[in-house]
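**Q** Assemble the whole structure, with the sequences as input and the hints as a guide.
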Amino acid sequence: MSAPTIDPTTTTTRTTETTVGTGGRPVIELDGLTKTYDLGSVSVRALDGVTLRIGEGDLVAITGPSGSGKSTLMHLLGCLDVPTAGSYRLAGHDVAPLDPDALAAVRNRHIGFVFQQFHLLATLTAWRNVELPLLYAGVERGERRERALVALDRVGLADRAGHRPGELSGGQQQRVAVARALVTEPELILADEPTGNLDSASTAEVLGLLEDLHAGGRTIVLITHEPDVAARAERTVVIRDGRVHHDSGAAAGAGPGPTADRGVVRP
Amino acid sequence: MRPRDLARTALDAVRAHRLRSALTVVGILIGIAAVTLSVGLGAGARADVRDRIDELGTNLLVVSPGSSADSTGIRGGFGSASTLTAQDAEALTDPAVAPDVAAVAATSTSTVSLTAGDENWTTTLTATSPSWQEVRSRTVASGRFLTGEDEAATAAVVVLGPDTAAELFPDGNPVGGTVTLDGTRLEVVGVLEALSSSENAANDDVALVPRSTYAQRLVGGTTRDAVSAIYVKATGKDTLSAAYQETDALLRNLHGSTGADDVDFSIATQESLLGAASSVDRTLSVMVGGIAAIALLVGGIGVMNIMLVSVTERIREIGLRKALGARPSAIRRQFLAEAAILGLVGGVAGVAVGLAGAAAVSRVADARVIPTATASLAAIAVAVGVALVFGVYPASRAARLAPIDALRNE
Numbered sequence: 001m002s003a004p005t006i007d008p009t010t011t012t013t014r015t016t017e018t019t020v021g022t023g024g025r026p027v028i029e030l031d032g033l034t035k036t037y038d039l040g041s042v043s044v045r046a047l048d049g050v051t052l053r054i055g056e057g058d059l060v061a062i063t064g065p066s067g068s069g070k071s072t073l074m075h076l077l078g079c080l081d082v083p084t085a086g087s088y089r090l091a092g093h094d095v096a097p098l099d100p101d102a103l104a105a106v107r108n109r110h111i112g113f114v115f116q117q118f119h120l121l122a123t124l125t126a127w128r129n130v131e132l133p134l135l136y137a138g139v140e141r142g143e144r145r146e147r148a149l150v151a152l153d154r155v156g157l158a159d160r161a162g163h164r165p166g167e168l169s170g171g172q173q174q175r176v177a178v179a180r181a182l183v184t185e186p187e188l189i190l191a192d193e194p195t196g197n198l199d200s201a202s203t204a205e206v207l208g209l210l211e212d213l214h215a216g217g218r219t220i221v222l223i224t225h226e227p228d229v230a231a232r233a234e235r236t237v238v239i240r241d242g243r244v245h246h247d248s249g250a251a252a253g254a255g256p257g258p259t260a261d262r263g264v265v266r267p
Numbered sequence: 001m002r003p004r005d006l007a008r009t010a011l012d013a014v015r016a017h018r019l020r021s022a023l024t025v026v027g028i029l030i031g032i033a034a035v036t037l038s039v040g041l042g043a044g045a046r047a048d049v050r051d052r053i054d055e056l057g058t059n060l061l062v063v064s065p066g067s068s069a070d071s072t073g074i075r076g077g078f079g080s081a082s083t084l085t086a087q088d089a090e091a092l093t094d095p096a097v098a099p100d101v102a103a104v105a106a107t108s109t110s111t112v113s114l115t116a117g118d119e120n121w122t123t124t125l126t127a128t129s130p131s132w133q134e135v136r137s138r139t140v141a142s143g144r145f146l147t148g149e150d151e152a153a154t155a156a157v158v159v160l161g162p163d164t165a166a167e168l169f170p171d172g173n174p175v176g177g178t179v180t181l182d183g184t185r186l187e188v189v190g191v192l193e194a195l196s197s198s199e200n201a202a203n204d205d206v207a208l209v210p211r212s213t214y215a216q217r218l219v220g221g222t223t224r225d226a227v228s229a230i231y232v233k234a235t236g237k238d239t240l241s242a243a244y245q246e247t248d249a250l251l252r253n254l255h256g257s258t259g260a261d262d263v264d265f266s267i268a269t270q271e272s273l274l275g276a277a278s279s280v281d282r283t284l285s286v287m288v289g290g291i292a293a294i295a296l297l298v299g300g301i302g303v304m305n306i307m308l309v310s311v312t313e314r315i316r317e318i319g320l321r322k323a324l325g326a327r328p329s330a331i332r333r334q335f336l337a338e339a340a341i342l343g344l345v346g347g348v349a350g351v352a353v354g355l356a357g358a359a360a361v362s363r364v365a366d367a368r369v370i371p372t373a374t375a376s377l378a379a380i381a382v383a384v385g386v387a388l389v390f391g392v393y394p395a396s397r398a399a400r401l402a403p404i405d406a407l408r409n410e
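Residue numbers (my numbering), protein chains in the order written: chain B, 1 to 267; chain E, 1 to 410.
It cannot be assumed that every hint is accurate.
Claimed, not checked - Some, not all, of what chain E presents toward chain B, calculated at C-beta under 7 Å: (1) Met1; (2) Asp5; (3) Ala16; (4) Arg18; (5) Gly325; (6) Pro328; (7) Ile404.
Treat the hints as calculated values from the structure; they're not laboratory data. Computed from a predicted model, the values in this text were never measured in an experiment. For every residue, glycine included, the Cβ atom is placed at its ideal position computed from N, Cα and C.
**A** Rendered as structure tokens:
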């Protein structure tokens, strides 16, 4: 699937061919990515030929109204689901032909997830939650603990390593989740509505943390429907009806520049 | 995922739901306790049978007077004139006629009262030949057994069973002492060794005298040559049936029996004598075994039920683990490990309860229960196996869950 089947927004599809923003080597390369759900008699096209490129070190917000397909896009980006058509290259490797075991390995090594619901295991202490990805990578326990503590230190929770999620505030829980996403040193951090369940103080805390990581050179994709959260990103991609409706990163090519777009996007 | 991490993860999950895990374990526990108990009962019953066979002597045939209508080999009538004679026993010792017979001992018995000093004891007086010792596989604890000279001299001697000796001579060594039977003084020349684990006390409470002494000096009025039983020992386990044929043919010939109807003796083997006794134990064993099988099945279904609930309840955890890089096989192994832990705990606890029950049963019900380490380990293995078998389906369901469906679950 080299050629996109549909090209509704000529500007966006064309601009993806140029490297954008601060990005260097592309981490994500989507080409005509399509996802169709077959619901018996009807088939729903949740994603309709998305072509997108995100470079190393970018902080990109993907936004759009409910039902726009951004969740589907997030699942595909996270290798939690497989596309119906199109190609997805993560860190230069095509993930489309991979089987469930290989996809599990890709998620384990290359992607760090931050979820709206935190998804921490209530029975485990903070550091045991953070070590989970290393557990499935087959890392030895002593090293797991060491690396988990380093990651917790990075999110400012070194002193909470022995606390269970129930003993932490929402913001602290989400920071534990960020530490868990960091612990494998992945190419990509995928944050799905990371502030959706947080009050404004905790939101600022978590977004500040993500910006710090970005400043440290991490590639971060932030999926959100909150405009002020999206505004913190240097590049915003708006998804609507399963297509890229607008991409502020198209600045280098044709289309509206990133500055003009910032803060204007409404879900 | 490393095996140790797998075990730790599974253990965490089991610990996180203590009550539920404990209830599941109880299901397995009951089954395994019943298994342990039934295996112990079975082993006890078998040991009983073996002991009784050993008490009779090995490779033994017992010829009794009278017809052999009863298939169990137990004589119907008692007290009627004996049809077996000492000559019958004598004839069986001929190696030309009965080459597979190793030894023969004819016995006559009657219940008598013996006195020694102030002590008085009623026991079974058995008249027999020196070969009795070999036929019945008995040893002498002190003194000597009856000899051919005793027989020839109609000697006033007696060999006592250990229980009899203890009753008549509570203070010391009976050998050299004297017992009195209806005014006749008998010298005690030996005492038999007690049977190792006697269930049947009658075998240790006897008084043995030479046949000649019995017939001529002690018990008047009996036909001189009549005997109440002939014990025939085959040369080996393999020749037992040949010895049976030879004995049967010879006695038919001597008694002039032609058809099946006019046979005036019966031959019993150890198996036929002990069959009735052991079948009772076997019934008990089968019954408890059946309960064990049902309990294990119920326990296994309990494991499956709990695991299915666990999978449903932990959909989000499964989704998260998958998102973080757990392969389907890692998820399956985790749930199987949880089932195995439940089985292991249930198995170990079940064996402990089973052993305690075995101790209680042998005290209360007078049934012998022999628990063995092998059976206990096997029972634990069965518990783990049952838990694994019933854990496969829930574990596979967990492994098959799509990560996004699992994560989406609220």
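**Q** Each hint: holds or not?
**A** Status of each hint after checking the structure:
1. A hinted interface residue such as Met1/E counts as satisfied when its beta carbon comes closer than 7 Å to some beta carbon of chain B; here the least separation is about 6 Å, so the hint holds.
2. The beta carbon of Asp5/E is positioned within 7 Å of a beta carbon in chain B (closest approach about 5 Å), and the interface hint is therefore held.
3. Annotation: interface hint on Ala16/E holds; nearest CB of chain B at approximately 4 Å, less than 7 Å.
4. Proximity of Arg18/E to chain B is violated relative to the hint, the smallest CB-CB distance being about 11 Å (cut-off 7 Å).
5. The beta carbon of Gly325/E is positioned within 7 Å of a beta carbon in chain B (closest approach about 2 Å), and the interface hint is therefore held.
6. Of the supplied interface hints, the one on Pro328/E holds, with its beta-carbon coming within about 6 Å of a beta-carbon of chain B, less than 7 Å.
7. A cut of 7 Å between beta carbons decides the hint on Ile404/E: the least distance to chain B is about 5 Å, and the hint holds.
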